Amino acid sequence: MAGSALRRLMAEYKQLTLNPPEGIIAGPINEENFFEWEALITGPEGTCFEGGVFPAKLVFPPDYPLSPPKMQFTCEMFHPNIYSDGRVCISILHAPGDDPMGYESSAERWSPVQSVEKILLSVVSMLAEPNDESGANVDAAKMWRENRIEFNKIAEKIVRRTLGIPT
Amino acid sequence: MPVVPLERLPLPSLRVYSFVSVVALSACTYYAAQIIKEPNWNYPGDFDKNDDNFENRNGTDSDGRTVSQFVSDIFTVMTREPVCVWTMINMAFCWFILLGRAVQKLVFGDLRVSEQQQLRDKFWNFVFYKFIFVFGIINVQYIDEVLLWCSWFSLLGFLHLLSQLSKDRFEYLSFSPRTPFWSHVKLMALLAAIFALSGFMFVVSIFVGFFGGLNTFFFMFYEVLLLAIRTLHVIIRYAFHLYDVRNETTPPTATDDNRTLDKRGPVSYYVELTFDLTALIIDLIHHLHMLLWSNIFLSMASLVICMQLRFLFHEIQRKYKKHRNYLWVRNHLEQNYPMATKAELQENSDNCAICWENMDAARKLPCGHLFHNTCLLSWLEQDTSCPTCRMTLNIQNPSVANMEPPELQTDPQENTRRPFNHFFHFDGSRYVSWLPSFSVEVSHVQAIRQNHMATNSQLDAMARQVQTLFPHIPLSTIIEDLRVTRSVELTVENVLDGRLIAPPMFRDLDIDWTPDRNTFTLNSEPEPSARNWDEYNTENVETEDTAALGSRFSKSSTEREKILHKRKEHMIKQARKRYIEKQKAAAVVAKSELQS
Numbered sequence: 001m002a003g004s005a006l007r008r009l010m011a012e013y014k015q016l017t018l019n020p021p022e023g024i025i026a027g028p029i030n031e032e033n034f035f036e037w038e039a040l041i042t043g044p045e046g047t048c049f050e051g052g053v054f055p056a057k058l059v060f061p062p063d064y065p066l067s068p069p070k071m072q073f074t075c076e077m078f079h080p081n082i083y084s085d086g087r088v089c090i091s092i093l094h095a096p097g098d099d100p101m102g103y104e105s106s107a108e109r110w111s112p113v114q115s116v117e118k119i120l121l122s123v124v125s126m127l128a129e130p131n132d133e134s135g136a137n138v139d140a141a142k143m144w145r146e147n148r149i150e151f152n153k154i155a156e157k158i159v160r161r162t163l164g165i166p167t
Numbered sequence: 001m002p003v004v005p006l007e008r009l010p011l012p013s014l015r016v017y018s019f020v021s022v023v024a025l026s027a028c029t030y031y032a033a034q035i036i037k038e039p040n041w042n043y044p045g046d047f048d049k050n051d052d053n054f055e056n057r058n059g060t061d062s063d064g065r066t067v068s069q070f071v072s073d074i075f076t077v078m079t080r081e082p083v084c085v086w087t088m089i090n091m092a093f094c095w096f097i098l099l100g101r102a103v104q105k106l107v108f109g110d111l112r113v114s115e116q117q118q119l120r121d122k123f124w125n126f127v128f129y130k131f132i133f134v135f136g137i138i139n140v141q142y143i144d145e146v147l148l149w150c151s152w153f154s155l156l157g158f159l160h161l162l163s164q165l166s167k168d169r170f171e172y173l174s175f176s177p178r179t180p181f182w183s184h185v186k187l188m189a190l191l192a193a194i195f196a197l198s199g200f201m202f203v204v205s206i207f208v209g210f211f212g213g214l215n216t217f218f219f220m221f222y223e224v225l226l227l228a229i230r231t232l233h234v235i236i237r238y239a240f241h242l243y244d245v246r247n248e249t250t251p252p253t254a255t256d257d258n259r260t261l262d263k264r265g266p267v268s269y270y271v272e273l274t275f276d277l278t279a280l281i282i283d284l285i286h287h288l289h290m291l292l293w294s295n296i297f298l299s300m301a302s303l304v305i306c307m308q309l310r311f312l313f314h315e316i317q318r319k320y321k322k323h324r325n326y327l328w329v330r331n332h333l334e335q336n337y338p339m340a341t342k343a344e345l346q347e348n349s350d351n352c353a354i355c356w357e358n359m360d361a362a363r364k365l366p367c368g369h370l371f372h373n374t375c376l377l378s379w380l381e382q383d384t385s386c387p388t389c390r391m392t393l394n395i396q397n398p399s400v401a402n403m404e405p406p407e408l409q410t411d412p413q414e415n416t417r418r419p420f421n422h423f424f425h426f427d428g429s430r431y432v433s434w435l436p437s438f439s440v441e442v443s444h445v446q447a448i449r450q451n452h453m454a455t456n457s458q459l460d461a462m463a464r465q466v467q468t469l470f471p472h473i474p475l476s477t478i479i480e481d482l483r484v485t486r487s488v489e490l491t492v493e494n495v496l497d498g499r500l501i502a503p504p505m506f507r508d509l510d511i512d513w514t515p516d517r518n519t520f521t522l523n524s525e526p527e528p529s530a531r532n533w534d535e536y537n538t539e540n541v542e543t544e545d546t547a548a549l550g551s552r553f554s555k556s557s558t559e560r561e562k563i564l565h566k567r568k569e570h571m572i573k574q575a576r577k578r579y580i581e582k583q584k585a586a587a588v589v590a591k592s593e594l595q596s
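For the record, the sequence lines run as chains V and S.
Using our numbering, the letters of the first sequence correspond one by one to residues 1 to 167.
Using our numbering, the letters of the second sequence correspond one by one to residues 1 to 596.
Simulated from the structure, these hints should not be mistaken for laboratory data.
Where hints are given, some of them may not hold.
[To be verified] Restricting the straight-line Cα-Cα distance to at most 30 Å, the calculated cross-link-like pairs of lysine-lysine (DSSO-like) are:
1. S:573 <-> V:118
2. S:562 <-> V:118
3. S:562 <-> V:70
4. S:577 <-> V:157
5. S:582 <-> V:70
6. V:14 <-> S:364
7. S:566 <-> V:118
8. S:566 <-> S:577
9. S:582 <-> V:153
10. S:573 <-> V:153
11. S:321 <-> V:70
12. V:70 <-> S:555
13. V:14 <-> S:555
14. S:566 <-> V:70
15. S:591 <-> V:153
16. S:186 <-> S:555
[Claimed, not checked] Sample of chain V residues with no beta-carbon within 12 Å of chain S, all distances over it, derived:
17. 74
18. 133
19. 135
20. 138
21. 143
Note that the structure is predicted; figures quoted are calculated from it, not measured.
All C-beta atoms, glycine included, are put in the ideal place defined by N, C-alpha and C.
With the hints as constraints, model all of the structure from the sequences given.
Below, the structure is given as structure tokens:
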């Protein structure tokens with residue numbers, strides 16, 4: 001079980017190292033445990049998260065790629081689709097069977113042809129365009145809809161914190 | 001060091017304990033030696049032997065005995081004196097603990113936190129069930145019997161725990177691509193030793209059963225069998241894993257790869273299934289036997305056994321359903337989707353999209369997508385659509401699907417966890433003020449569970465409580481600590497006293513939080529005067545070595561780690577530089593606007 005998952009993760013790691021997508025770095029935190037990765041994601045340009053580098057942790061199940069990994073930002077985040085503890089709510093990370101919100105079509109959900117790279121790219125586009133319907137963080141969703149200026153200010157603060165620049 | 005409630009109890013450390021045991025034993029030996037020096041001492045037990053020895057002893061002096069005689073005399077005295085017997089038993093236990101420690105040091109090194117937790121849970125669970133067995137079911141009357149059962153169960157429990165620990169460690173090792181060869185050898189040797197010892201225990205159970213009757217034999221036999229099966233299971237899984245890993249390190253030639261994949265799928269599936277089912281069924285029979293053998297239908301013990309029976313029964317049922325689904329999907333696959341032809345394979349030179357490995361033989365779905373047979377099978381077991389294009393395949397197994405469709409599709413991790421934690425809480429003070437309150441958590445840790453991040457809901461709730469106070473500490477760290485402290489207050493204290501800190505990986509990137517000032521300060525940069533961007537000298541980021549970093553995937557894992565770390569640092573530096581430059585530019589624009 002774990003053997004084939006390990007091989008696949010190794011292949012993905014290799015690919016992400018050799019051809020990294022723009023603004024994304026990902027790899028195992030410690031190679032003693034190949035099933036826990038850290039990813040750094042650069043905030044997409046032209047959005048309120050521009051310039052920030054957001055660290056996130058990915059935890060893979062032993063039967064990966066049959067089941068999706070879990071992803072959690074380890075820095076402070078304020079975003080409609082990210083829970084306040086950093087967990088990411090995005091359809092690609094949901095197993096086909098479970099549908100916590102009850103509206104996603106199974107086409108958007110996890111399948112073994114997905115990969116770490118695809119997940120991280122979807123997260124980047126999620127940062128750029130929050131999905132209003134799934135309110136993982138209700139406060140953030142409300143602010144995003146009603147008070148964009150305040151939202152941008154908070155995002156700016158978070159960006160600075162991730163860069164180690166005082167607010 | 002985190003605070004451990006158990007250690008706050010006045011439990012002596014192992015060193016003190018073994019020292020005290022040794023002292024007590026030597027005191028007893030001395031006492032025995034004094035007794036046999038007395039001239040009128042004789043063997044109280046063996047009278048026939050006594051007659052001829054008596055003359056001898058009177059003739060010579062007590063000092064005239066040979067050493068071996070002396071030792072055997074002392075031993076005889078000690079087995080007659082209750083106090084001495086207890087010290088000897090104590091000493092045996094002490095040896096046992098020391099032996100366990102030695103094995104742990106030799107094979108496992110330091111235990112990880114989750115392993116310790118797992119071990120502690122298992123240990124108390126075992127003690128709890130065996131207590132019920134000895135006093136509730138066998139209902140022993142004499143202290144000798146209790147002692148015999150105790151020693152039997154200590155040996156058994158010891159082996160069970162070791163085998164459990166080896167399993168955990170194996171699962172952890174299988175997460176890593178760079179485990180040293182020696183740790184595999186050590187672990188395998190330990191597993192083989194456990195297996196051999198279970199054979200010895202089997203002989204013991206036959207021997208005891210010869211005197212104690214068939215029931216006793218069976219009670220002992222089930223346990224030994226369970227131990228042997230579980231150990232063998234781990235050994236076989238381990239062998240499969242090693243075979244797999246070896247295959248990975250040697251560059252897979254086309255034929256080689258194909259052979260392992262096709263063989264491994266069904267074989268390992270059936271091995272897994274057989275072992276799981278056998279273990280469950282033996283356990284079920286064991287419990288049924290216990291329930292029926294003694295008339296204990298209306299007692300606490302029967303309640304516990306019934307609960308266990310129910311759990312086992314559900315497990316077996318679940319396994320059976322899963323297997324039926326597997327068979328159904330496999331048949332459907334074989335009948336409806338043909339293997340891809342050579343031409344099709346050549347035309348589609350991609351790797352299998354599921355495992356990313358080379359395809360020499362593949363099955364073709366109606367939508368035209370190709371996958372390895374085993375990969376496809378394991379996916380279709382949980383979802384019935386093409387992984388690539390999501391085309392729905394009509395493989396709904398009517399019988400299984402109607403019964404419980406969500407059961408089969410939910411995340412297997414969740415699935416195995418949910419029903420297995422029983423939490424009993426007894427609040428005595430609600431009834432009578434002096435009654436104690438206690439809670440017992442019985443957790444059944446499943447074979448497939450490797451996710452040490454997994455927590456039960458109680459811990460999770462507590463962790464969230466802590467995290468609202470300290471958002472900068474990752475949840476996993478808090479949970480690890482809570483496992484030890486089991487109290488929100490203690491964990492909060494640990495954080496405030498600086499005993500619990502965010503792991504360095506996060507600290508480098510994150511903000512340092514000082515609780516007393518309640519403010520966020522940075523840990524990397526000296527505090528600059530706010531908003532004066534010119535004071536920041538944008539760090540000189542060496543661009544030349546990053547070019548080298550980007551396009552290499554090293555063979556050595558330490559080098560890979562180093563490169564990854566450098567790339568991360570570089571990325572943050574670059575981002576910071578860009579950000580500051582942008583702010584500078586914005587400030588300049590603002591200034592010029594102000595001037596004009």
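Exercise for review: State the violated hints by number, sorted upward, taking the hints as numbered earlier in the document.
Suggested key: 5, 17
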